[in-house]
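J.: Sequence:
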Amino acid sequence: MIMRKVSDKITTREELAPKVAKWREEGKIVGFTSGSFDIIHAGHVSYLEKAKEKCDILIAGINTDASVQSYKGPDRPIVPEAGRVKMMAGLESIDYVFTFEERRNRTNLEVLKPSLYIKAGDYTAKQLTSGDVVKKYGGDILLLPMEEGFSTTNLIKKIVKLYGGTVEDEADESVKAKTEKRDPQKAILIDRDGTINEDIEYLHEPEKFKLLPNVGEGLKKFQEMGYKIAVITLQAGIGVGYFTKEDFFKVNREMFKQLAPFGITIDKIYFATHSKTEDGKNPKEALLERACEELDLDLTQSIVIGDKTTDLSVGEVRGCIKIGVKTGKALQDGQVEVTPDYIAKDILDAATWIESRK
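Last residue of the sequence shown: 417 in the numbering used here, with the numbers rising by one and none dropped.
Fair warning: there could be bad hints in the mix.
[As the list claims (entries may be wrong)] Calculated cross-link-like contacts (lysine-lysine; reagent style PhoX-like; alpha-carbon spacing at most 25 Å):
hint, residue 1, residue 2
1, 195, 172
2, 113, 195
3, 109, 81
4, 269, 327
5, 131, 327
6, 385, 404
7, 78, 245
8, 279, 269
9, 131, 78
10, 195, 111
11, 172, 287
12, 245, 81
13, 280, 304
14, 404, 287
15, 340, 267
16, 404, 269
17, 245, 417
18, 404, 245
19, 279, 417
20, 113, 64
21, 287, 269
22, 87, 245
23, 267, 195
24, 172, 327
25, 195, 280
26, 280, 269
27, 279, 385
28, 195, 327
29, 267, 109
30, 111, 64
31, 304, 269
32, 327, 245
33, 327, 340
34, 113, 131
35, 267, 78
36, 385, 267
37, 267, 245
38, 385, 64
The set of hints was computed from the structure by calculation and includes no laboratory data.
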């Protein structure tokens, strides 16, 4: 039996839509299920195996981090979306997996029109807010019971009980998290267009996204050295109306897909929709501060990487290590004066230089 690669299963709903239509024409039963799937446990595995038994092709939609936070609170998910997607794609029962920004499944169902809309048995058909969409295109709803004795929340509670703290009062826990002293983390704060991928003006079409040489290998080396990975990018095309945030998210999903074979997890993506703030500052300064706070960073141990002088200048005042790359604009934009600590051929060269300093 030939095992499919995890990366081959990770896709987008837009790419799946014509395939689902073709499969249905061929008489195949296409099942669709969704959820956050945060900390996958045996209950999830059993549920998905039962779902697969009911269809020829099983597709899973995974809520993005922002989507999960909108209904589970700021402390969830535990596992970032890139990790959750990879875990789901690694299950034999799953044929395809994609992420979606919305909280509900209405758009997923309208785009895909699966034969079966499958949800866990703790719902009722009346509770499914998108049930009318399924009936409209002629699909069926299937509710499957979840195996008792398994719960992500209970797992979290057990971990907290073993290692200290409480999850009973989320407000108190949130205050505690802000005041408790934590070991500072280090990260690479990396530009996207021209640094990770080929620099295409106002990139908004996933099919045009292409990783630059040695990016996967370089990010993997940084990750193995203990660095978190945060993408900090300006997307002025959104601000001027050339494309939408959803277009931006689609391109990011393609980035995750192309990085998946390297086993890379992007911890956060920070973006601004204008090239300058109202007071003329570089918006990346605010994004850097946000990353510092949310990821508990020691910026003096963190690295700013980019192909433009404006990418590097934001790290200068905070004492970050600054690495320019000879890809994209290759620091020839001439917007600000900045002195890189190192000018690398590419991301792998940057990681190798950092490794040599230890």
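J.: Against this structure, judge whether each hint is valid.
T.: Hints and how they fare:
1. 195 / 172: holds, 10 Å
2. 113 / 195: Holds, at roughly 21 Å.
3. 109 / 81: holds, 24 Å
4. 269 / 327: holds, 20 Å
5. 131 / 327: holds, 18 Å
6. 385 / 404: holds, 5 Å
7. 78 / 245: violated, 42 Å
8. 279 / 269: Judged against 25 Å, a Cα distance of about 17 Å means the pair holds.
9. 131 / 78: It is violated: about 32 Å lies between the C-alpha atoms, which goes past 25 Å.
10. 195 / 111: holds, 24 Å
11. 172 / 287: Given pair residue 172, residue 287 is violated - Cα atoms ~38 Å apart, limit 25 Å.
12. 245 / 81: violated, 47 Å
13. 280 / 304: violated, 30 Å
14. 404 / 287: holds, 21 Å
15. 340 / 267: Not OK: residue 340 and residue 267 at ~30 Å, beyond 25 Å, violated.
16. 404 / 269: holds, 17 Å
17. 245 / 417: holds, 14 Å
18. 404 / 245: Given that 25 Å is the threshold and the Cα spacing comes to 22 Å, the pair holds.
19. 279 / 417: holds, 17 Å
20. 113 / 64: At roughly 23 Å apart (the allowed maximum being 25 Å), residue 64 and residue 113 satisfy the hint.
21. 287 / 269: Distance ~22 Å between residue 287 and residue 269 Cα, so the pair holds.
22. 87 / 245: violated, 49 Å
23. 267 / 195: violated, 35 Å
24. 172 / 327: Violated, because 31 Å separates the two Cα atoms, which is more than 25 Å.
25. 195 / 280: violated, 50 Å
26. 280 / 269: holds, 20 Å
27. 279 / 385: holds, 19 Å
28. 195 / 327: Distance ~38 Å between residue 195 and residue 327 Cα, so the pair is violated.
29. 267 / 109: Cα-Cα ~37 Å, so violated.
30. 111 / 64: Given pair residue 111, residue 64 holds - Cα atoms ~18 Å apart, limit 25 Å.
31. 304 / 269: holds, 19 Å
32. 327 / 245: Status holds; Cα separation ~13 Å.
33. 327 / 340: holds, 22 Å
34. 113 / 131: violated, 30 Å
35. 267 / 78: holds, 20 Å
36. 385 / 267: Measuring from Cα to Cα gives roughly 21 Å; hence the hint holds.
37. 267 / 245: Cα-Cα ~31 Å, so violated.
38. 385 / 64: violated, 32 Å
Going down the numbered hints, you'll see the structure goes against 7, 9, 11, 12, 13, 15, 22, 23, 24, 25, 28, 29, 34, 37 and 38, while the others check out.
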